[in-house]
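J.: Just so you know, the sequences run in chain order A and B. Each step along the first sequence adds one to the number in the numbering used here, with nothing skipped, and position 115 is 115. Each step along the second sequence adds one to the number in the numbering used here, with nothing skipped, and position 167 is 167.
Just so you know, the hints here were simulated from the structure itself, not pulled from any lab data.
Calculated pairs, EDC-like style, for lysine to aspartate or glutamate (alpha carbon to alpha carbon, straight line, at most 20 angstroms):
#, chain 1, residue 1, chain 2, residue 2
1, B, Lys191, A, Asp68
2, B, Lys97, A, Asp68
3, A, Lys51, B, Asp93
4, A, Lys107, A, Glu119
Label pairs and their in silico Cβ distance ranges:
#, chain 1, residue 1, chain 2, residue 2, range
5, A, Ile286, B, Asn247, 54 to 60 angstroms
6, B, Ser96, A, Ile50, 18 to 24 angstroms
7, A, Val43, B, Asn78, 20 to 26 angstroms
8, B, Lys79, A, Val282, 34 to 40 angstroms
9, B, Pro45, A, Leu80, 39 to 45 angstroms
10, A, Glu119, B, Ala159, 47 to 53 angstroms
11, B, Thr141, A, Ile50, 37 to 43 angstroms
12, A, Phe30, B, Tyr297, 38 to 44 angstroms
13, B, Asn298, A, Val127, 34 to 40 angstroms
14, B, Ile151, A, Val282, 47 to 53 angstroms
15, A, Val43, B, Asn298, 31 to 37 angstroms
16, B, Thr142, A, Phe84, 32 to 38 angstroms
17, B, Gln318, A, Phe30, 53 to 59 angstroms
Note that beta-carbon positions come from the ideal geometry of N, C-alpha and C, so glycine has one too.
Chain residues, written in single-letter form:
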Amino acid sequence: MVKSSNDKSLYGQIRMEKVFKRTLIGIAIFLIVLTVGFFITLVQQSMPSIKALGFSFLFGKIWDPVSDIYGAYPFLLGTLLTSFLALAISIPFSFSIAIFLGEYAPKGWLSEILKNIVELIAAVPSVIYGFWGLFVLVPIVRSFETSIGVLPYGIGIFTSSLILAIMIIPYAASLGREMIRMVPSSLKEGAYSLGATRFEVIKTVILPYTKSGLFAGVLLSLGRALAETMAVTMVIGNSSAIPTSIFAPGNTMASVIANEFTEAASTVYLSSLIELGLFLFVVTVIINLIGKTIIKRFTNE
Amino acid sequence: MKFLNKIKSAAPAIMMATAALTTTATAFAQDDNSILGAGSSFVNPLFSKIFSVYNAQTGIQVNYQSIGSGGGILQLTNKTVDFGDSDAPLSADQASKMSADVLHIPMCSGAVVITYNLPGCSANLNFTPSVLADIFLGKITTWSDPRIAAINKGVSIPAFPIIIAHRSDGSGTTNIFTNYLSDISPEWSTKVGKGGSVNWPVGLGGKGNAGVAGLIQQTPGALGYVELDYATQNKMPISKIQNKKGNYITPTVASTVAAGNINLPADSKIFIVNTDAADGYPIAGFTWALIYKEQSYNGRSAAKAEKVVKLLWWNIHQGQQYCAALNYAPLSAAALKVAEAILKSATYNGKAIL
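Go ahead and model the full structure; you've got the sequences and the hints to work with.
T.: Dropping the structure here:
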């Protein structure tokens, strides 16, 4: 009696394991199918525009819905400019926070507050950044522009990059902090015992040990910056012209789609917007692949 | 192609999840006491008002989704709504996708206002068509330009650079304004053209009336265009525009009605910009309800068809009294006559409904 009931529960256990494993596999495959599905749908819906415009879509400099001419180049430029500028602005901040929280103050009230605030930055909805940018940052940038003698738009590539920089700080900072805390203390203690100062430990032990992790955080930040729509749309100026300087208005691929999708009446127009989405998808994938390769290089050393 | 349409009609859903929920919930409910409409967001405040009055009077529930003219047209193309509403007549491309003839019934008209932000200058400035066109073409770049001073004698205008604010999203407002610019300026017509979104030679884009108004209000020297109601509500300065007859006209409900009191074509598909009327404001346009001329499709009942047509009939008669309070211009006598005739041409199985 006892034996058979044990057998039953054992079989049940094995069945459970199998079901659990299959569920995991199923969900994993579903995600793959979903991503491939995204890609296929985008390609399929882009066909009218690909047929009508061909490669001129990628490098065309004019976006003119009236005469059905669509060139994505100004928006590609806008997306890359704002994202990389934002990254350049944010890296000093996110790395400083990571090092401070990971090495100097891993515990204590100050580090708790800072840690929570950094996490909060990531949780604030982007439309709020947009509003804040429009009403606080834009006037500041405008008076700055007046003082250096460029046309005082206030909004434009530069303002968008500033907003983006704030928004993406948490990604690199949080991941960086985790990485730095994971550096084995034996390594650090070894360096200290050889007479290294704290700065030297950071420079020669912690940063080299964590560089692939830090870079992965930067990559996450970049991904967020490339895809951000709402906040950028509100402060970039939404101009289809090629930006002449970083203070000029511009547009990103994501914000063009958000702006023009609802009223895109003609077939080619709508399809061009979808192709723009496809283009953004491809650009993001390429940048991610490059990033992954760099991370691999780091870790192999 | 059909799939594309589906995706397109899902677009507003992505933006407004709540609206989407009502769409799917109601689109399948064949409730004969409700009428579904979708389209122009410009006319939405008026429709909300008059449909709630209509509901109180008749018990008929009108569910209007303010998803933009393009979305409304697509929903009508896909036959998921009883009527659409658009701020522009159907383009040839759009009309060719419809399975049958579509009637355009003017509902009301609206004015597009030129507004600006000039610190220290509270006057309502004058603009001539050519000055306006050259500003938007980027040829007049500063407020101290002698051509602006010449038409605003006695007003001291601070010497800011002109920063143009325009809509970044496709919109009926832009359509009316670019139709106007194309009408008065051959250069604009060839260089830029007209449409719901165009390739602006200069300026900044803001999303929606609110976005444009926001840009103008916080940028000294900014100039842009918004709907009359928006400018009035936000107490923004309103420019007077010289019309075809040479008069400087302040945009008001009355001058917008006057703009539409002209000889209209029988199908009403005309932009009433640059009107011939001496007291008419030149930058105005209709918004049209769109229905299939033949109302018997998709197994619709005769009663349903009658309800839709009667609703629109009510809109252009009793409904008109609610226009002025919301800064919409009611139909002029001439426009009403045309609208009546168009609505009377609607049929069910070939027989007139009204």
